[in-house]
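All chains should be built: construct the whole structure from the sequences, respecting the hints.
Residue numbers (the working numbering), protein chains in the order written: chain A, 2 to 108; chain B, 104 to 301; chain C, 3 to 134.
To be clear, the hints were calculated from the coordinates, so they are not data collected in a lab.
It is possible that some hints are incorrect.
Stated by the list, open to error - Here chain C is said to cover these stretches of chain A; the calculated rule only asks that three of the stretch's residues, wherever they fall, bring their Cβ under 8 Å from a Cβ of chain C:
| # | stretch |
| --- | --- |
| 1 | 10–21 |
| 2 | 31–45 |
What the hints assert, rightly or not - Pulled from the structure, derived: some chain C residues nowhere near chain A, Cβ distances all over 12 Å:
| # | residue |
| --- | --- |
| 3 | 25 |
| 4 | 64 |
| 5 | 66 |
| 6 | 78 |
| 7 | 89 |
| 8 | 99 |
| 9 | 111 |
| 10 | 131 |
Predicted, not measured: the structure shown is a model, and the values here were computed from it.
Note that beta-carbon positions come from the ideal geometry of N, C-alpha and C, so glycine has one too.
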Amino acid sequence: MSHGRIDLIESRCTSCMICARECPVWCIHIESHTEVNADAPTQQTGRGPRSRTRNVLDSFIIDWSICMYCGICVEECPFDALEWADAAVPSADLAGLRHDIDQLAPT
Amino acid sequence: MTPETSEAPPTKWRHAVTTANKWRHAVTTATEAGFTHFDWLDCSDQIGRTEEFCLTLCLRHGDPYRGEETLIETSIPRDEASVDSLSDVFPGITWSEREIADLFGISFTGGDPRPLLLPPDFGAHPLRKESVAAARVAASWPGAKEPGDAAPSRRRMVPPGVPDPEVWGARDADAPEPDPADVAGSAEGGRVRRRRTR
Amino acid sequence: MQAWDWFGDRSLMVVDISLACCAIEMEAATALHAVHDDSAPRGQVPLQPGDTVAIIVAGTVTDAVVAHVEQIIARHDAKVVSFGVCASSGGPYWDSYAVTKGIGQMLEVARFVPGCPPTPAALHSTLEELRA
Numbered sequence: 002m003s004h005g006r007i008d009l010i011e012s013r014c015t016s017c018m019i020c021a022r023e024c025p026v027w028c029i030h031i032e033s034h035t036e037v038n039a040d041a042p043t044q045q046t047g048r049g050p051r052s053r054t055r056n057v058l059d060s061f062i063i064d065w066s067i068c069m070y071c072g073i074c075v076e077e078c079p080f081d082a083l084e085w086a087d088a089a090v091p092s093a094d095l096a097g098l099r100h101d102i103d104q105l106a107p108t
Numbered sequence: 104m105t106p107e108t109s110e111a112p113p114t115k116w117r118h119a120v121t122t123a124n125k126w127r128h129a130v131t132t133a134t135e136a137g138f139t140h141f142d143w144l145d146c147s148d149q150i151g152r153t154e155e156f157c158l159t160l161c162l163r164h165g166d167p168y169r170g171e172e173t174l175i176e177t178s179i180p181r182d183e184a185s186v187d188s189l190s191d192v193f194p195g196i197t198w199s200e201r202e203i204a205d206l207f208g209i210s211f212t213g214g215d216p217r218p219l220l221l222p223p224d225f226g227a228h229p230l231r232k233e234s235v236a237a238a239r240v241a242a243s244w245p246g247a248k249e250p251g252d253a254a255p256s257r258r259r260m261v262p263p264g265v266p267d268p269e270v271w272g273a274r275d276a277d278a279p280e281p282d283p284a285d286v287a288g289s290a291e292g293g294r295v296r297r298r299r300t301r
Numbered sequence: 003m004q005a006w007d008w009f010g011d012r013s014l015m016v017v018d019i020s021l022a023c024c025a026i027e028m029e030a031a032t033a034l035h036a037v038h039d040d041s042a043p044r045g046q047v048p049l050q051p052g053d054t055v056a057i058i059v060a061g062t063v064t065d066a067v068v069a070h071v072e073q074i075i076a077r078h079d080a081k082v083v084s085f086g087v088c089a090s091s092g093g094p095y096w097d098s099y100a101v102t103k104g105i106g107q108m109l110e111v112a113r114f115v116p117g118c119p120p121t122p123a124a125l126h127s128t129l130e131e132l133r134a
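See the structure below:
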């Protein structure tokens, strides 16, 4: 395995923000929102019933024009949602180097 | 670090600590003992431990590559950051002294006062720990959001390298200059805690 | 000005402005290219009028140096390649007091090659795209 790029396995990501906070160069940008999970049973708390919520990932951008391939995000992710992959990121213009969920998906 | 001149015999010196006013004396004593090759000069900001800079000189005995080396160290107070230049002892040290003058704001008395790396109008000493990386302050930190929140967190988080806004930045214009130790200390990152007042 | 005739047919002449550790990666890329491609001439040849030129800015560009980089590039009608994240955005040094936050701010850049450092293959495929 060479360090060509970092893949995001979307189904494993919980939008916990740990990678975005650990990234030394601030190249990971995450957008997420909270949804009520209708299927889950409500939770009884001291203040009455509370519905279960979950985070939904809207956007996960790695800016390849800044990333220094240190791999701290891969190491820190508690859910193994980030992985090294062989294929290098192709050259582009600056906007084209901001890869979102679709482009970060493993091939 | 004890601010005393080492009394150890010069030939067995490995690491000597001296006061800033004896800096020149300590170095010339070492050169007279045969440590004639200037290897390097370095500086570190000790803020958070002491209100001083630590200046370290490495000399070698005879052979520049294999000669025994000795370190001579001195502490320079922040509020009066000045020490004797050694440019007449080792001409090559001028480069290092000018670099340290630029980056730490230490003046070397009797040395070359011209800036080396920074433009003359730069106006700051970027390796002082209270020197803030302005680019980080200006950029919005992607980690400021909480999971599931679209907007930055109400529990304020500041990233590493950016000081607490209450200490540095959007402050009361009439307030006194922030204490360098507070600026350096608050730039460690994490949740903002109210810092103890002195 | 000396340049590499990258494809051996004067279809793309490559000039490098190597400024930091990516300079070593440029050397590796040119050496590897010469080994793998028999048609690639060894060493550099002088540029001639009418050549298609790619200028590769490899490595950290500081505020003190950026004017010189601009000067060199202004002398040629060339496609500019930003090689590595330092030249592209400042990279690991984007917050530095001394580093330019990307040459795209002052120059028209044809391609930004990501990587810290980019691989020789990444440079080669970029040059193939520029040649087309």
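Structure-based check of each hint:
1. For a cut-off of 8 Å, the count of residues in the stretch 10–21 of chain A with a CB near a CB of chain C stands at 0, and the three-residue condition is violated.
2. Coverage of the stretch 31–45 of chain A by chain C is violated in this model, with 0 residues showing a Cβ closer than 8 Å to a Cβ of that chain against a need of three.
3. Chain A leaves residue 25(C) outside its interface by the beta-carbon criterion, the shortest separation being 17 Å against a cut-off of 12 Å.
4. Remark: the non-interface label on residue 64(C) is consistent with the geometry, its nearest Cβ contact in chain A lying 17 Å away (cut-off 12 Å).
5. Every Cβ of chain A is farther than 12 Å from the Cβ of residue 66(C); the closest lies at roughly 22 Å, confirming the non-interface assignment.
6. For residue 78(C), the non-interface assignment is confirmed: its Cβ lies about 20 Å from the closest Cβ of chain A, beyond the 12 Å cut-off.
7. Some Cβ of chain A comes within 12 Å of the Cβ of residue 89(C); the nearest lies about 10 Å off, and the non-interface call is violated.
8. The beta carbon of residue 99(C) is kept farther than 12 Å from every beta carbon of chain A, the shortest such distance being approximately 16 Å.
9. For residue 111(C), the shortest C-beta to C-beta distance to chain A comes to about 8 Å, within the 12 Å cut-off, and the non-interface label is violated.
10. Once the 12 Å rule is applied to beta carbons, residue 131(C) is inconsistent with being away from chain A; the minimum gap is 8 Å.
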